[in-house]
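Asks: Note that the protein sequences, when read in sequence, are chains R and B.
Each residue of the first sequence is one higher than the one before, counting from 1 in the UniProt record's numbering.
Each residue of the second sequence is one higher than the one before, counting from 1 in the UniProt record's numbering.
Just so you know, the hints here were simulated from the structure itself, not pulled from any lab data.
Mixed in with the good hints there might be a few duds.
[As the list claims (entries may be wrong)] No farther apart than 27 Å at their CA atoms in a straight line, the calculated lysine-lysine pairs in the BS3-like style are these: (1) K228(B) <-> K65(B); (2) K377(R) <-> K137(B); (3) K336(R) <-> K271(R); (4) K248(B) <-> K228(B); (5) K248(B) <-> K271(R); (6) K65(B) <-> K277(R); (7) K377(R) <-> K115(B); (8) K248(B) <-> K231(B); (9) K194(B) <-> K22(B); (10) K137(B) <-> K271(R); (11) K137(B) <-> K196(B); (12) K137(B) <-> K22(B); (13) K231(B) <-> K22(B); (14) K228(B) <-> K22(B); (15) K115(B) <-> K231(B).
Here the structure is a predicted model, which is why all the values come from computation and not from measurement.
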Amino acid sequence: MSSPSPRGGSQLEDPSGPDDDRGAGTTTLTRYQPPSLAASVHASLPRWSGAAAAALGALVAAALLAVADVHVALAVVVGAVVGIAAFVVAARAVEGARAATDRFVTALVTVAFVVALLPLVSVVWTTVSRGLARFDVAYWTQSMSGIIGEGGGAYHAIMGTLIVTGIATVISVPIGTMTAIYLVEYGGDNRLSRVVTFLVDVMTGIPSIVAGLFSLALFTLLFGPGLRIGVMGSIALCVLMIPIVVRAVEEMLRIVPARLRESSYALGVPKWRTIVKVVLPTAASGIASGVVLAVARVMGETAPLLVTVGLTSATNFNPLEGRMPVLPVFAYYQIKTPGIPPGAFIDRAWTAALVLILFVMALNVGARVLARALAPKTR
Amino acid sequence: MSRQIDVSDLDIYYGSFLAVEKVTMEIRPRSITALIGPSGCGKSTFLRSLNRMHEVIPGARVEGKVVLDGQDLYGPGVDPVAVRRSVGMVFQNPNPFPTMSIYDNVLAGMRLNNKRMRRSEADDVVEQSLRGANLWKEVQDRLDRPGAGLSGGQQQRLCIARAIAVQPQVLLMDEPCSALDPISTLAIEDLMGKLKEEYTIVIVTHNMQQASRVSDRTGFFNIEGTGKPGKLVEMDATDTIFSNPSVKATEDYVSGRFG
């Protein structure tokens, strides 16, 4: 046997070389000795050091812009690198290597967060600043009927969007919910449910223009070419919406604990009634918010509506007859074919975008409120 | 309300896997029957086969007879839903319905089955069931609160109230106290002593003191090894099982020599 290690660590014999009494065949494992707590105490950077590093980076970027003729993006990158480097070097000097690594990763994550947020803020800022010009009462109450220049509004397109999305929701939610119920409660892992799951996955990924062309082809086959009516748009949106609803409801049903179903069965409640009265109410909160988010997701779709609902300047409340204006298509044509003066058309397009964003935001807020109202309570 | 159950040559399968083999047992009315044994020996599986909850799991099936009140529960044309109405069950973890109030939880068995009741009738059922479960005094002034807001022990007694509200003939309890503290456990054990005057109770427990405290008869299940089916080793009066069992394995188990 080899002599005990100086720190009194444990030893293990290597089974591969039992006859070598010392050296190669014997592995000595020194027991891990954690550093003493006292030795790990170190100074730390002040709380404002992160902000200071960010300020330094901004300063470097600004200086670079002022002195040299460089692109803004390059200046920002250089500033960020300098700021992070200074932060990490300072942390290493004051706090030690492990803390410096921590600071470095924290800085990277923060920068990534800011980068991810930039386009979002930019979109909201641009839309709000340009859309406010026509964000007035007339925009919400007047159609474009008889308007050739300035003035008018998007009342017809707002109503069209609500009608087309509303019909799509009424069709998609029952189909999607029942599909999800089949997959979770009845299908198990059988062939049909595997096929349905696969198709739902595929449908989630199809380009939205394909959904529009599907609806166009369907109605052309049924009623002949050249038809443009509201429900064509609704059907196109359904193709996009059903898979989202299936996915959302399926996930919510799967997290309902099996023991709730079991305790319902144990009370002599049949399966279908267990689903209707125990499983669905328990999942209602998540289902409602999932459905609302699905509505928000398809509301702003442009391509499938462009080829199916057409555009008019007058309000049309009948989804079964005549072209039906909707906000995305309205915005598209205002930008693409502006009249005189062009500014009025472009302003109306931006306001249409703003109204759409407001609708989607309202739906998101509504989803949260609904989810909270329906969530099971504990007191 | 209390009936005898006769189990004969019951084999219980998960798919092609035989989980419990050839159980023959007589469960006497108005008494508490305890089932003990090491984990995985099939006692919970056996318990779930007594109200056809076993077949909720895909691929699960049984062979043999479970006769309640002259009727084979697995006979042709027997509706599992009807079986579960006469053989109630309380689970290991308290599981009141999270969307319902205390009041609605007690009535869940009726409400979920769309039974129409007058308000006064419903009030009576709720009070009787909660009194029967020793919970009435604690919750009588907050019946409209969610059942999920009660403590674990109270939730379990709420689940017992829910189970007895539909007036079953038999009450199955699958480790009803294993998630509870000693005080709640005592409350439920007291309750079982009271309930056996009206109901036939079968309880699965890992706690041998509990089995010896509450039960009249005890069945010992054991398993020879992983992948082998569980078997009923012996069944006798609780006193006999714990003091003078006839099989060596039983003696080893109850005296703590294994398991």
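Asks: Can you name, in rising order, the numbers of the hints this structure does not satisfy?
Replies: Checked against the structure, the hints that fail are numbers 3, 5, 6, 9, 10, 12, 15, while the rest are satisfied.
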